[in-house]
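Protein chains: 2
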Amino acid sequence: MTPSGDQLEDAVVSHIEDRPISSILIIIAMQAEALPLVNKFQLTEELSMLPKGVPWVCYRGIYKNLNINLIWPGKDLSLGVDSVGTVSASLVTYASIQALKPDLIINAGTAGGFKAKGASVGDVFLASACAFHDRRIPIPVFDMYGIGLRQAFSSPNLLKELNLKVGKLSTGDSLDMSPQDEASIVANDATIKDMEGAAVAYVADLLKVPAIFVKAVTDIVDGEKPTAEEFLQNLVAVTAALDQAVTQVLDFINGKCLSQL
Amino acid sequence: MTPSGDQLEDAVVSHIEDRPISSILIIIAMQAEALPLVNKFQLTEELSMLPKGVPWVCYRGIYKNLNINLIWPGKDLSLGVDSVGTVSASLVTYASIQALKPDLIINAGTAGGFKAKGASVGDVFLASACAFHDRRIPIPVFDMYGIGLRQAFSSPNLLKELNLKVGKLSTGDSLDMSPQDEASIVANDATIKDMEGAAVAYVADLLKVPAIFVKAVTDIVDGEKPTAEEFLQNLVAVTAALDQAVTQVLDFINGKCLSQL
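From first to last, the protein sequence lines are chains R and S.
Each residue of the first sequence is one higher than the one before, counting from 360 in our numbering.
Each residue of the second sequence is one higher than the one before, counting from 360 in our numbering.
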């Protein structure tokens with residue numbers, strides 16, 4: 360961040376820090392993670408906000424004093440699977456920030472966890488920071504750009520109130536973990552691993568929107584079960600825990616300013 | 360692509376196939392690759408098109424009968440290095456397609472080449488197809504989504520006229536190549552390797568804009584020199600070859616319809 364960038368960010372944040380949070384953008388990767396929240400908050404589909412032809416899905420509604428906007432990148436048009444990963448996540452984050460100018464982004468989703476760092480299946484984490492583990496650019500300064508470390512918006516009161524676990528999140532476009540990924544994840548000091556968080560953080564930082572990351576653990580990366588199998592086995596149950604946590608987060612946010620989080 | 364998607368694409372392409380190409384969007388990753396083209400075509404900076412606060416750079420101008428728009432993601436605001444890789448490339452591609460509705464995208468840049476597949480330093484390739492090599496998702500169908508294979512817009516006359524080399528392009532966010540990347544690059548049957556192409560192809564396909572990929576080889580991936588060193592050593596000279604090839608491509612495109620490429 361340049362000094363002028365810092366000043367801009369300070370100005371934007373201070374402007375909205377003194378009034379209650381009004382507009383929330385929830386960014387999710389998979390339909391199975393999103394639909395329970397659509398039902399719970401009785402959101403309705405919004406078709407006009409996004410460009411024509413893309414599979415992105417947007418639902419909106421009001422919960423207590425909050426305008427909730429829930430976005431996910433939808434099913435790949437040719438293959439029919441959820442458009443997971445950093446490219447889709449960054450595009451929907453960009454487009455929905457431009458359209459909605461939200462006060463706060465919540466990136467909610469499932470993640471792999473490291474038992475060596477204290478994670479168990481079903482745990483819900485609030486990430487303290489995000490970084491990439493699969494962008495290795497061994498040229499000075501470019502190496503740091505590749506890692507792309509960004510702090511989540513500081514929310515100590517939220518963390519204390521909800522009794523969530525806290526840990527660093529590492530993001531990559533593969534569900535598995537190569538030895539190179541593992542070395543980078545260790546270097547990132549990560550407790551949880553996903554496929555979108557650091558990309559959402561990048562775009563949120565670019566456009567100066569505060570972002571928090573709520574991630575529920577579906578599988579233990581350093582455990583004995585194969586990741587894909589464990590992920591699919593636990594997805595439904597863990598999504599329920601995620602949705603409960605997101606609801607608690609929204610209940611806590613309701614009526615508060617950014618500086619009270 | 361769903362049947363309705365195919366029909367939409369056919370309709371869009373046939374609509375513009377019968378008139379000369381007018382608007383070209385050139386997407387580049389690095390300032391060092393872009394500035395020689397800015398100078399050559401005497402382009403002028405356009406500040407109004409892109410959102411405030413982002414480091415993205417847009418230059419515009421007229422060359423022969425073509426409206427040239429040259430975009431690159433600019434220097435990272437906190438680190439000062441070029442914003443390389445798939446996330447930045449997908450964001451600038453998305454934003455500039457939305458703003459400009461170009462007839463054709465040219466993704467121009469440098470790449471690593473495989474000598475085992477016939478590539479040498481200084482070669483300029485027209486990619487026949489793009490795919491990712493660092494998005495491993497070992498769940499049926501998700502695996503294909505991760506690879507994200509997309510054909511370049513077919514341009515047999517351009518290829519013949521300019522005597523460019525042709526080969527498949529594989530994209531990943533690392534400058535180096537892990538054994539897992541290498542296995543995926545071999546599976547992708549790739550001759551050249553870059554950090555943006557498949558992301559540009561993804562967004563171009565999403566928004567139904569034809570795209571071609573002009574890539575000049577700065578380093579031999581399966582050679583003896585370290586990639587980073589060879590890349591930096593050859594960047595300036597190879598960029599000159601790239602700019603010459605882009606000029607030849609524009610000269611060929613001028614006055615032609617998409618169907619004549």
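Simulated from the structure, these hints should not be mistaken for lab results.
Keep in mind that this is a model prediction, so the values were computed, not measured.
Do not take every clue at face value.
The list treats identical chains as interchangeable, and a pair is accepted whether it falls inside one copy or across any two copies.
Stated by the list, open to error - Within a straight-line C-alpha distance of at most 20 Å, the following computed EDC-like cross-link-like pairs (lysine to aspartate or glutamate) qualify: (1) K567 <-> E520; (2) K411 <-> D564; (3) K423 <-> D502; (4) K434 <-> D502.
Do the hints match the structure? See the list:
{"no.": "1", "hint": "K567 <-> E520", "result": "neither (26 Å within a copy, 47 Å between copies)"}
{"no.": "2", "hint": "K411 <-> D564", "result": "between (26 Å within a copy, 13 Å between copies)"}
{"no.": "3", "hint": "K423 <-> D502", "result": "neither (44 Å within a copy, 41 Å between copies)"}
{"no.": "4", "hint": "K434 <-> D502", "result": "between (33 Å within a copy, 14 Å between copies)"}
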